[in-house]
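With chain A held as given, fit chain B onto it using these hints.
Taken in sequence, the protein lines are chains A and B. When we follow this note's numbering, the leftmost residue of the first sequence carries the number 142, and every step to the right adds one. When we follow this note's numbering, the leftmost residue of the second sequence carries the number 142, and every step to the right adds one.
Hints in this document: simulated from the structure, not taken from any laboratory. Here the structure is a predicted model, which means the values were calculated and not measured. Don't take each hint at face value.
[What the hints assert, rightly or not] Example chain B residues on the side facing chain A (calculated, C-beta under 10 Å, incomplete):
| no. | residue |
| --- | --- |
| 1 | Gly185 |
| 2 | Tyr218 |
| 3 | Ala222 |
| 4 | Pro225 |
| 5 | Val252 |
| 6 | Phe254 |
| 7 | Leu257 |
| 8 | Glu295 |
| 9 | Ser404 |
| 10 | Pro437 |
| 11 | Lys439 |
| 12 | Thr488 |
| 13 | Trp489 |
[Unchecked claim] In silico lysine to aspartate or glutamate, DMTMM-like type, Cα no more than 20 Å apart, as pairs:
| no. | chain 1 | residue 1 | chain 2 | residue 2 |
| --- | --- | --- | --- | --- |
| 14 | A | Lys277 | A | Asp360 |
| 15 | A | Lys277 | A | Glu300 |
| 16 | A | Lys380 | A | Asp451 |
| 17 | A | Lys380 | A | Asp309 |
| 18 | B | Lys277 | B | Asp323 |
| 19 | B | Lys380 | B | Asp322 |
| 20 | B | Lys277 | B | Glu295 |
| 21 | B | Lys277 | B | Asp205 |
| 22 | B | Lys277 | A | Glu275 |
| 23 | A | Lys277 | B | Glu275 |
| 24 | A | Lys277 | B | Glu276 |
| 25 | B | Lys277 | A | Glu276 |
Just so you know, even glycine gets a beta-carbon here, dropped at the ideal spot from N, CA and C.
2 protein chains.
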Amino acid sequence: MSENTGRPVVADLDAAALTTLHATLLDEYAALQARGLRLDITRGKPSPEQLDLAQPLLGLPGEDDFRAADGTDTRNYGGLAGLPELRAIYADLLGIPVEQLLASGTSSLTVMFDVLAYAFLFGRDGSPQPWGREEKVRWICPVPGYDRHFAMLEHLGIEMVTVDQTPDGPDVEAIARLVADDPTIKGLWLVPTYSNPGGETTSAEVAARLAAMPAAAPDFTVLWDNAYAVHHLTDDESKAVDVLGLAAASGHPDRFVVFASTSKVTFAGAGVAFLAGSPSTVAWYLRHLAFGSIGPDKVNHLRHVRFLRDADGVRAHMHRHREILEPKFGAVLDTLDARLGGTGTATWNTPRGGYFVSLDVVDGTARRVVELAREAGIALTPAGASFPYGHDPRDRNIRIAPTFPPVDEIRVAIDGLATCVLLAAVEQRLS
Amino acid sequence: MSENTGRPVVADLDAAALTTLHATLLDEYAALQARGLRLDITRGKPSPEQLDLAQPLLGLPGEDDFRAADGTDTRNYGGLAGLPELRAIYADLLGIPVEQLLASGTSSLTVMFDVLAYAFLFGRDGSPQPWGREEKVRWICPVPGYDRHFAMLEHLGIEMVTVDQTPDGPDVEAIARLVADDPTIKGLWLVPTYSNPGGETTSAEVAARLAAMPAAAPDFTVLWDNAYAVHHLTDDESKAVDVLGLAAASGHPDRFVVFASTSKVTFAGAGVAFLAGSPSTVAWYLRHLAFGSIGPDKVNHLRHVRFLRDADGVRAHMHRHREILEPKFGAVLDTLDARLGGTGTATWNTPRGGYFVSLDVVDGTARRVVELAREAGIALTPAGASFPYGHDPRDRNIRIAPTFPPVDEIRVAIDGLATCVLLAAVEQRLS
Numbered sequence: 142m143s144e145n146t147g148r149p150v151v152a153d154l155d156a157a158a159l160t161t162l163h164a165t166l167l168d169e170y171a172a173l174q175a176r177g178l179r180l181d182i183t184r185g186k187p188s189p190e191q192l193d194l195a196q197p198l199l200g201l202p203g204e205d206d207f208r209a210a211d212g213t214d215t216r217n218y219g220g221l222a223g224l225p226e227l228r229a230i231y232a233d234l235l236g237i238p239v240e241q242l243l244a245s246g247t248s249s250l251t252v253m254f255d256v257l258a259y260a261f262l263f264g265r266d267g268s269p270q271p272w273g274r275e276e277k278v279r280w281i282c283p284v285p286g287y288d289r290h291f292a293m294l295e296h297l298g299i300e301m302v303t304v305d306q307t308p309d310g311p312d313v314e315a316i317a318r319l320v321a322d323d324p325t326i327k328g329l330w331l332v333p334t335y336s337n338p339g340g341e342t343t344s345a346e347v348a349a350r351l352a353a354m355p356a357a358a359p360d361f362t363v364l365w366d367n368a369y370a371v372h373h374l375t376d377d378e379s380k381a382v383d384v385l386g387l388a389a390a391s392g393h394p395d396r397f398v399v400f401a402s403t404s405k406v407t408f409a410g411a412g413v414a415f416l417a418g419s420p421s422t423v424a425w426y427l428r429h430l431a432f433g434s435i436g437p438d439k440v441n442h443l444r445h446v447r448f449l450r451d452a453d454g455v456r457a458h459m460h461r462h463r464e465i466l467e468p469k470f471g472a473v474l475d476t477l478d479a480r481l482g483g484t485g486t487a488t489w490n491t492p493r494g495g496y497f498v499s500l501d502v503v504d505g506t507a508r509r510v511v512e513l514a515r516e517a518g519i520a521l522t523p524a525g526a527s528f529p530y531g532h533d534p535r536d537r538n539i540r541i542a543p544t545f546p547p548v549d550e551i552r553v554a555i556d557g558l559a560t561c562v563l564l565a566a567v568e569q570r571l572s
Numbered sequence: 142m143s144e145n146t147g148r149p150v151v152a153d154l155d156a157a158a159l160t161t162l163h164a165t166l167l168d169e170y171a172a173l174q175a176r177g178l179r180l181d182i183t184r185g186k187p188s189p190e191q192l193d194l195a196q197p198l199l200g201l202p203g204e205d206d207f208r209a210a211d212g213t214d215t216r217n218y219g220g221l222a223g224l225p226e227l228r229a230i231y232a233d234l235l236g237i238p239v240e241q242l243l244a245s246g247t248s249s250l251t252v253m254f255d256v257l258a259y260a261f262l263f264g265r266d267g268s269p270q271p272w273g274r275e276e277k278v279r280w281i282c283p284v285p286g287y288d289r290h291f292a293m294l295e296h297l298g299i300e301m302v303t304v305d306q307t308p309d310g311p312d313v314e315a316i317a318r319l320v321a322d323d324p325t326i327k328g329l330w331l332v333p334t335y336s337n338p339g340g341e342t343t344s345a346e347v348a349a350r351l352a353a354m355p356a357a358a359p360d361f362t363v364l365w366d367n368a369y370a371v372h373h374l375t376d377d378e379s380k381a382v383d384v385l386g387l388a389a390a391s392g393h394p395d396r397f398v399v400f401a402s403t404s405k406v407t408f409a410g411a412g413v414a415f416l417a418g419s420p421s422t423v424a425w426y427l428r429h430l431a432f433g434s435i436g437p438d439k440v441n442h443l444r445h446v447r448f449l450r451d452a453d454g455v456r457a458h459m460h461r462h463r464e465i466l467e468p469k470f471g472a473v474l475d476t477l478d479a480r481l482g483g484t485g486t487a488t489w490n491t492p493r494g495g496y497f498v499s500l501d502v503v504d505g506t507a508r509r510v511v512e513l514a515r516e517a518g519i520a521l522t523p524a525g526a527s528f529p530y531g532h533d534p535r536d537r538n539i540r541i542a543p544t545f546p547p548v549d550e551i552r553v554a555i556d557g558l559a560t561c562v563l564l565a566a567v568e569q570r571l572s
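Pulled out of the complex, with its shape left as it was, chain A reads as follows (with noise of 0.2 Å):
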């Protein structure tokens, strides 16, 4: 017995408590079953009371309100650096200056493609060749980590070389040593606040030893993808460290590419994306981006300056989110626990922010686990998809993202996934 739960631990159990619990188990799975559910908790999506939060931006600027500050048209072509008020309140939000700062169309996950794309096809600034003409390109990816990231590193035939995550941010001495005398290794994917899925924030300590490390090949690139830099759960806010400052002090002023959005600020398939980086990134991106765009939706752009006002006008905003997501998250903590508390087959974090939970289940038992929920009725990201390759080394990792289903929904899969992951666990020792 746990001495906190009075719930047993199921390493603890001998043969006879494991069949009667397996047993228990098994009835409890097929009741899960019966109940016929369709449930999803599988992607990092808001929810329609959080995009509802937006809802005037679907009426804005409205019929006569198209001039910029500057007195641009938006509805025209051009502006290749996006809004400049616009621009103006991320960077205050991210504490960058404004002119390293640039908006562009919906999605970050499109401009950091760009970015790689740009690196292949023409280098980066310091690049011996294009990173396309290599023999290899290695790219070192903290686990667990994101999906997206992964699956497009893989795409553009990069290898991935992992290191782990800690509280702190990536095991920044793991990678010091990577980087520093193997040129192939082009660079690093980071989420540095409240990541996916694990939700660690990046220390400054991190940061600054990432901006500082020597590496060895020249054009050694992080893509700080600062997804949720603004987006708290608890009163114990991240805040933001400035990576180009430090990247700039550190004498490798390019090192750095930051990346932020609006998806889930405002619409998630209708929003903003950003990039910043030093001013000759940044000088790197625009002539290359020149080549493919006259510029970004800027009436898009005036439309979040008038919906959002100011940095002031997005922290009173993404508290609204708040108030929506803490009881979500806490409807799968609280869950969590009081299934799976003391038993030991189960640790989780619990998120200051982000989008998800982190669930570590015994090793060798993730896919198992998924594996009876999806027949079960409820969808979990597949096991692995947190790992490059979709390989999970220890089989344990599944991602939670409770933000779009309504709280009674996350309280009823959570519930029959603690059924999984305690089955799957009792399976493993009778096995």
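The following block gives chain B in isolation, referenced to the frame of chain A:
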């Protein structure tokens, strides 16, 4: 003297008459400079009055309107192919099955860049290897043509080979010879309807030949940039040629990739771009797109559906554009005729649609004309811009973009331009 106009044919003048005319033109040019003009006829931008036609878009879809016809919440992620009801409108206009036509972001230039980037990074279906791995990639460019096409090809390191534009489209005999034996020739870029700058429409016969001709490169690709598909200036409207049908019937289903956009229908900077192709080309595009996008701006798609309604709605809207543009093109043509008709110093086209008038001056004088105009405060597109590498071998072509300025400014600018054309022609004869 010209029989028709009573104006002198410059080439026929003797030395004394030339000297007299030169003095007269120098006076005229001095008077032009003295006016201190600041006129710009450089870029194919819609005018504010044209943008005003789409003013309701600024308040659409409206605060309570975000559901697509199939119930999709347009505000959220997803829907990589674009909103079906918007795709249906352009499928109707272009005569393409809706399954083969996608709605994308705001810029067809961006979609075209992405298609080339995917070809370079990953190859097209049937490519022996990604284009970026080829020793040499060559491309056929009908001239004069669109400067942004040429600039993008040059930036990608593609070697450009020119063929002439004819009144029926590009010189297809020359193209067929070039592609027959040379596998390094990977493609051809065309503005098939009311081309930039010459206004020619590629005939059904030329299109059929392009579809049917054998090509040494298995992945030979025609980028069919139908930017002005519905941009008529007369009742003699060019019809869309069914190139995808022709290509499929000729056994080269994947040869064409078709592009269009609402940039010059609704808002130049906030419209919607479209891509179409064979089912396998569309699948190829989506397969790569999926790594850098979770879906386009579906709210902007819905906004356009609400405003344009259907294909007839687009046609009616384009008629309102025509009412604005006809007097502007008329001012160009009338002024050119009044000042240069019968002088033997220039020829030009009478466009039935599109955004440009293409002016050919005396061989070897286009750069001088542009220089003279600039020094008189009239900004023209740089001479040579309509040719690869900015090199017009006969130094004679000047692109006139009359859509943006008001009619009275156009008259003044073209009148001044005519003085420069005549002065440059006389200078050349005297030199």
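Which numbered hints fail = Per hint list: 3, 4, 12, 13, 19 and 21 violated.
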